[in-house]
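Given next are the chains, with one letter for each unit.
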Amino acid sequence: MWRVWWGRPTARLFSTALKVGLTAGLCTVGFGAAAAQMIYTHYPKPGETFVNGCLTLPLHAAPTALSKQIGMAELGGRFEVIGLAGEYVVPESMRLSDSDPIYATGKQTSHEATAQTGREKNVAYAWIEVRHKGEAAFASSRCLIGPGLYEQQTFEDANRKFKSARMGSTGKGFNVRPVLGRGGKEIGGNMAHADADAESLRRLIQRHATSDPHEAFAGFRMRGGLGEFNARAAPEWILTNPAADKHELRELLK
Amino acid sequence: MRRRAGQLCLAAALAAVASLSGCKTMEDATETVKSSLDSASETLDASFAEMDKDIQDELDFLEQRIGPSDEYVFGYNWAATFLGAAPLYKPGHPFNDYLQKVGTTVALGSHAPYSYKGLVFAIRNDDGFNAAAFPSGIIMINLGVLQAVHSEDELAAVLAHEIAHHELRHNMLSVAQGKSLTILDALIKDESQDGSDLMETMTLGYNRQHELEADRRGAELLRMAGYDPYALVRVLEALENKKGSLGGRNYPKARPVLLRKHLRFIGADTPADIPDIRNARFQRAVEGFVKPGDEARIAETAEASSQRD
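Heads up: the protein sequence lines correspond to chains E and L, in order.
Counting from 1, one number per residue, gives the positions in the first sequence under the UniProt record's numbering.
Counting from 1, one number per residue, gives the positions in the second sequence under the UniProt record's numbering.
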């Protein structure tokens with residue numbers, strides 16, 4: 001009788017309620033870590049073609065923006081990938097665990113995610129080595145993206161993403177006209193609940209955004225003993241374990 | 001979504017209880033409960049499938065679908081709204097060019113040296129002790145923060161903390177978590193002025209973990225750029241002295257202690273000698289930008305604010 005009464009239906013109800021509760025909880029708190037690492041984490045494999053998604057992208061001789069600049073990529077420039085570089089362990093706020101929503105929702109297992117991204121969990125790459133005019137060069141992984149994602153870099157898609165980011169927010173009015181389409185044409189921006197000053201921002205960016213900061217400010221760095229002109233070498237773990245906490249550092253420095 | 005889930009759970013529970021209360025015999029009760037639970041469960045399953053779809057949509061948004069120009073759109077719209085609440089401070093003054101050079105120098109050593117249009121730094125005409133790092137590297141510092149800055153290295157320290165937020169994607173993480181509008185609302189309403197929960201020092205108001213990460217990473221970025229990482233400690237101490245506070249609720253009181261510990265790890269736990277040329281060019285750049293009168297005004301505001309706290 002007990003089994004008839006409380007067996008399958010009750011278990012099912014509890015199971016379903018648990019699923020619902022769990023899901024609601026995850027919607028509230030859980031997406032952060034998964035979200036953080038899932039943004040920009042489609043790293044290429046050697047031989048693939050990746051595309052520059054930034055208006056301009058300096059190419060360097062080594063995996064650091066303080067190394068010699070050997071070229072400049074334009075928006076939409078395509079590159080054959082040689083490999084990944086600048087490997088680092090993401091800080092705690094960006095880490096995934098098997099209990100993170102990306103797994104808990106059943107979308108992927110840890111192994112599947114590793115197989116899909118071709119890398120270990122919680123490891124990222126700051127640089128992508130590409131072939132440029134027959135030579136190897138390094139491009140920031142913040143700008144190089146897959147062809148599929150590049151195709152989405154449109155006015156309409158940016159608008160849709162911006163609106164969809166409202167999910168889970170305060171729900172206040174947020175009326176946005178996105179500011180550019182592919183090719184960098186600026187259109188202007190507006191938000192309903194504040195008088196946005198898009199014009200001042202446009203002028204600011206027009207005046208100060210530098211397509212070639214490495215070259216433009218080399219003299220400033222040299223005179224100030226900064227950047228590549230700074231003789232003090234930083235510990236290697238600063239590159240490989242950014243913002244590591246004291247517990248991690250103790251392990252690293254053992 | 002959370003509310004809907006709660007309603008569904010409540011509805012299912014009520015359905016089960018209501019069914020039990022109307023039973024005459026155990027057999028009737030068994031059948032009735034089975035029927036009710038099956039029905040409720042089916043309803044929940046259908047609703048859960050709908051939720052799965054919602055979650056899938058959100059995951060689709062998050063997974064590998066935010067590109068450089070998307071991030072620029074986010075940052076541009078946020079920053080434009082931020083400027084709508086308080087304008088740029090002397091945008092034509094040469095100090096802005098200097099600010100751009102200092103910020104770029106720090107950013108070049110980071111894992112995020114470039115963005116869609118490049119990183120941009122600006123001063124906003126607001127006496128509050130805030131700074132903000134928007135997606136795509138649009139970084140704004142309130143005029144009030146400048147009162148705690150007395151050298152190029154200290155200016156770099158303020159910028160490094162914000163660049164760290166950008167590099168570690170704390171801002172896009174806020175987007176993903178749906179917190180961005182809350183933070184922006186709080187900034188625009190200038191909640192820091194009434195001593196409430198927003199950052200009163202130099203950040204947007206991320207969570208405690210993000211703030212501590214940005215402190216640690218900011219010091220590392222200074223070290224890599226060749227600036228004195230200890231400058232970040234000096235800025236924090238200056239803010240504490242002027243403001244009587246290390247920031248809003250998200251900053252632990254032990255913030256400077258934790259930062260000093262980290263500085264020991266990176267070999268920078270004592271102040272470094274700063275080349276004269278850096279101090280000299282800072283003095284030249286700031287000349288005519290923050291006037292003595294402005295400094296007095298900022299100090300008065302800070303004093304009044306700390307008394308309110």
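Hints should not be assumed to be uniformly reliable.
Derived pair list, reagent style PhoX-like, types lysine-lysine, alpha-carbon separation capped at 25 Å [to be verified]:
{"#": "1", "chain 1": "E", "residue 1": "45", "chain 2": "E", "residue 2": "133"}
{"#": "2", "chain 1": "E", "residue 1": "254", "chain 2": "L", "residue 2": "261"}
{"#": "3", "chain 1": "L", "residue 1": "261", "chain 2": "E", "residue 2": "246"}
{"#": "4", "chain 1": "E", "residue 1": "133", "chain 2": "E", "residue 2": "68"}
{"#": "5", "chain 1": "E", "residue 1": "246", "chain 2": "L", "residue 2": "253"}
Simulated from the structure, these hints should not be mistaken for laboratory data.
Since the model is a prediction, treat every value here as computed from it, not as a measurement.
25 Å limit on alpha-carbon distance, applied to hinted pair residue 254 (chain E) and residue 261 (chain L): Holds - the C-alpha atoms of residue 261 (chain L) and residue 254 (chain E) are around 16 Å apart, at most 25 Å.
query: Is residue 45 (chain E) within 25 Å of residue 133 (chain E), Cα to Cα?
result: It holds: about 20 Å lies between the C-alpha atoms, which stays within 25 Å.
- request: Measure nothing beyond the straight line between the CA atoms of residue 133 (chain E) and residue 68 (chain E); if it is 25 Å or shorter, mark the hint as holding.
  value: holds, 16 Å
query: Is the Cα-Cα distance between residue 246 (chain E) and residue 253 (chain L) 25 Å or less?
result: holds, 17 Å
message: Hint check: residue 261 (chain L) vs residue 246 (chain E), CA-CA at most 25 Å. Holds or violated?
response: Holds: residue 261 (chain L) and residue 246 (chain E) sit about 8 Å apart, inside 25 Å.
No hint from the list above goes unmet by this structure.
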